[in-house]
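Visitor: Sequence:
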Amino acid sequence: IVGGYECTKNGVPYQVSLNSGYHFCGGSLISNLWVVSAAHCYKSRVQVRLGEHNIDVTEGTEQFIDSSKVIRHPSYNSYTLDNDVMLIKLSSAASLNGYVQTVALPSSCASAGTSCLISGWGNMSASGSNYPSRLMC
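Each residue of the sequence shown is one higher than the last, beginning at 1 in full-length UniProt numbering.
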């Protein structure tokens, strides 16, 4: 996240890491069985890692759960990135606790100008490559 800062440890308990031997994308836990992510992150099988902060270290707060189903939006377009959304069903329910929670879904759209939080382990450099181990906001 360019211009970001390290999130408070376990301060974004709905943030997940998608893993296939390495972290490759993020997502948000929307129920104890479902994660929403971007369709451009699609892999037929994925391990969802919940309760993560530093993705290079086992901190004791993590839950690793394999996917049982990965569903891309039927109208996803990989060239335009239209409908860039997918759902991941977990093979077993996440245990909700102080480190793992579902995201609070809004009842309506945020007004223009509303400050929103983004988080992830994405590139921190506008030019070049600088991927963090710790969750950034």
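Heads up, some of the hints might be wrong.
[Unchecked claim] Derived pair list, reagent style DMTMM-like, types lysine to aspartate or glutamate, alpha-carbon separation capped at 20 angstroms: (1) Lys9 with Asp56; (2) Lys69 with Asp56; (3) Lys43 with Asp84; (4) Lys89 with Asp56; (5) Lys9 with Asp66; (6) Lys43 with Asp66.
[Claimed, not checked] Label pairs and their calculated CB-CB ranges: (7) Ser115 with Ser91: 11 to 21 angstroms; (8) Ser91 with Gly113: 21 to 31 angstroms; (9) Gly113 with Arg45: 35 to 45 angstroms.
Rather than coming from a laboratory, the hints here were simulated on the basis of the structure. Note that the structure is a prediction, hence the values are computed from the model and not measured. Where a beta carbon is used, it is the ideal one built from N, C-alpha and C, also for glycine.
Visitor: Kindly indicate which numbered hints from before are broken by the structure, ordering the numbers from low to high.
Guide: Hint check: 2, 4, 5, 7, 8 fail, others pass.
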